[in-house]
Amino acid sequence: AQSVTQLGSHVSVSEGALVLLRCNYSSSVPPYLFWYVQYPNQGLQLLLKYTTGATLVKGINGFEAEFKKSETSFHLTKPSAHMSDAAEYFCAVSEGGSYIPTFGRGTSLIVHP
Amino acid sequence: KAGVTQTPRYLIKTRGQQVTLSCSPISGHRSVSWYQQTPGQGLQFLFEYFSETQRNKGNFPGRFSGRQFSNSRSEMNVSTLELGDSALYLCASSPGQGQNTEAFFGQGTRLTVV
Chain A
1 AQSVTQLGSH
11 VSVSEGALVL
21 LRCNYSSSVP
31 PYLFWYVQYP
41 NQGLQLLLKY
51 TTGATLVKGI
61 NGFEAEFKKS
71 ETSFHLTKPS
81 AHMSDAAEYF
91 CAVSEGGSYI
101 PTFGRGTSLI
111 VHP
Chain B
1 KAGVTQTPRY
11 LIKTRGQQVT
21 LSCSPISGHR
31 SVSWYQQTPG
41 QGLQFLFEYF
51 SETQRNKGNF
61 PGRFSGRQFS
71 NSRSEMNVST
81 LELGDSALYL
91 CASSPGQGQN
101 TEAFFGQGTR
111 LTVV
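First to last, the sequence lines map onto chains A and B.
Here our numbering is used: the first residue of the first sequence is 1, the next is one more, and so on.
Here our numbering is used: the first residue of the second sequence is 1, the next is one more, and so on.
Bound conformation, chain A alone (with noise of 0.2 Å):
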């Protein structure tokens, strides 16, 4: 079975400052990845995506994830915070072939300026 951890629920951190958002998974078959962002009541919007290749993964607005399998880690980075940045951010994972990814509980990101 396939599941996902944030860890903390919360990220504050300073305009220009450095974004990091931590992602673990579980999966018994090698793992697709995602990461998503939502502004307040909207829906969700694809930030990224690991599937198979390049571990190093760069996605929109300047945000990037790398694929550990060894530390079964996914976390999502961006070099310098912008106010535009602050927005929940959610973590996915499927299993090979499966087309219903599990979602983990997502993280607020606050952005100060």
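Heads up, a few of these hints could be off.
Cross-link-like lysine to aspartate or glutamate pairs, in silico, DMTMM-like; alpha carbons within 25 Å at most [what the hints assert, rightly or not]: (1) LYS68/A / GLU82/B; (2) LYS69/A / GLU102/B; (3) LYS58/A / ASP85/A; (4) LYS58/A / GLU102/B; (5) LYS49/A / GLU88/A; (6) LYS68/A / GLU95/A; (7) LYS49/A / GLU102/B; (8) LYS57/B / GLU95/A; (9) LYS49/A / ASP85/A.
Cβ pair distances, simulated, as ranges [as the list claims (entries may be wrong)]: (10) LYS69/A / THR80/B: 42 to 48 Å; (11) THR72/A / THR80/B: 37 to 43 Å; (12) GLY62/B / SER80/A: 24 to 30 Å; (13) TYR39/A / GLN41/B: 19 to 25 Å; (14) GLY53/A / ARG55/B: 35 to 41 Å; (15) LEU7/A / GLU102/B: 21 to 27 Å.
Computed footprint of chain B on chain A, listed as stretches where at least three residues anywhere in the stretch have a Cβ under 8 Å from a Cβ of chain B [said to hold, decoys possible]: (16) 39-48; (17) 102-113.
None of these hints come from the bench; they were simulated from the model.
For clarity, every value in this text was computed on a predicted model and none was experimentally measured.
Idealized CB from N, CA, C, for every residue including glycine.
Add chain B to chain A, keeping to what the hints say.
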């Protein structure tokens, strides 16, 4: 290409009533999934339809049901509404086959049960 469209965006219903939510997927997508999002439980999977058949189902009571039409549009129905059904209901579409499992989400329907 138009995105996933959910209607209505907001609904207020009374306890005991029933409600129907609609989702139009991205053109060419044959899979439609429904999720319930609440502050306490996060994103919970309701069910997935592929080519008019329910392919996967989450752990929700029978009051929650859905269907998919031949044009891939999907509806979700909740009968005998309870206060706890208040949530943001999200629909997601995907091709449903092949290697691409990325889900594209609609903006959601905010259901308030009073």
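Each hint, compared with the structure:
no.: 1; hint: LYS68/A / GLU82/B; in the structure: violated, 43 Å
no.: 2; hint: LYS69/A / GLU102/B; in the structure: holds, 20 Å
no.: 3; hint: LYS58/A / ASP85/A; in the structure: holds, 16 Å
no.: 4; hint: LYS58/A / GLU102/B; in the structure: holds, 16 Å
no.: 5; hint: LYS49/A / GLU88/A; in the structure: holds, 17 Å
no.: 6; hint: LYS68/A / GLU95/A; in the structure: holds, 16 Å
no.: 7; hint: LYS49/A / GLU102/B; in the structure: holds, 8 Å
no.: 8; hint: LYS57/B / GLU95/A; in the structure: holds, 16 Å
no.: 9; hint: LYS49/A / ASP85/A; in the structure: holds, 18 Å
no.: 10; hint: LYS69/A / THR80/B: 42 to 48 Å; in the structure: holds, 46 Å
no.: 11; hint: THR72/A / THR80/B: 37 to 43 Å; in the structure: holds, 41 Å
no.: 12; hint: GLY62/B / SER80/A: 24 to 30 Å; in the structure: violated, 49 Å
no.: 13; hint: TYR39/A / GLN41/B: 19 to 25 Å; in the structure: holds, 20 Å
no.: 14; hint: GLY53/A / ARG55/B: 35 to 41 Å; in the structure: violated, 28 Å
no.: 15; hint: LEU7/A / GLU102/B: 21 to 27 Å; in the structure: holds, 24 Å
no.: 16; hint: 39-48; in the structure: holds (count 6)
no.: 17; hint: 102-113; in the structure: holds (count 5)
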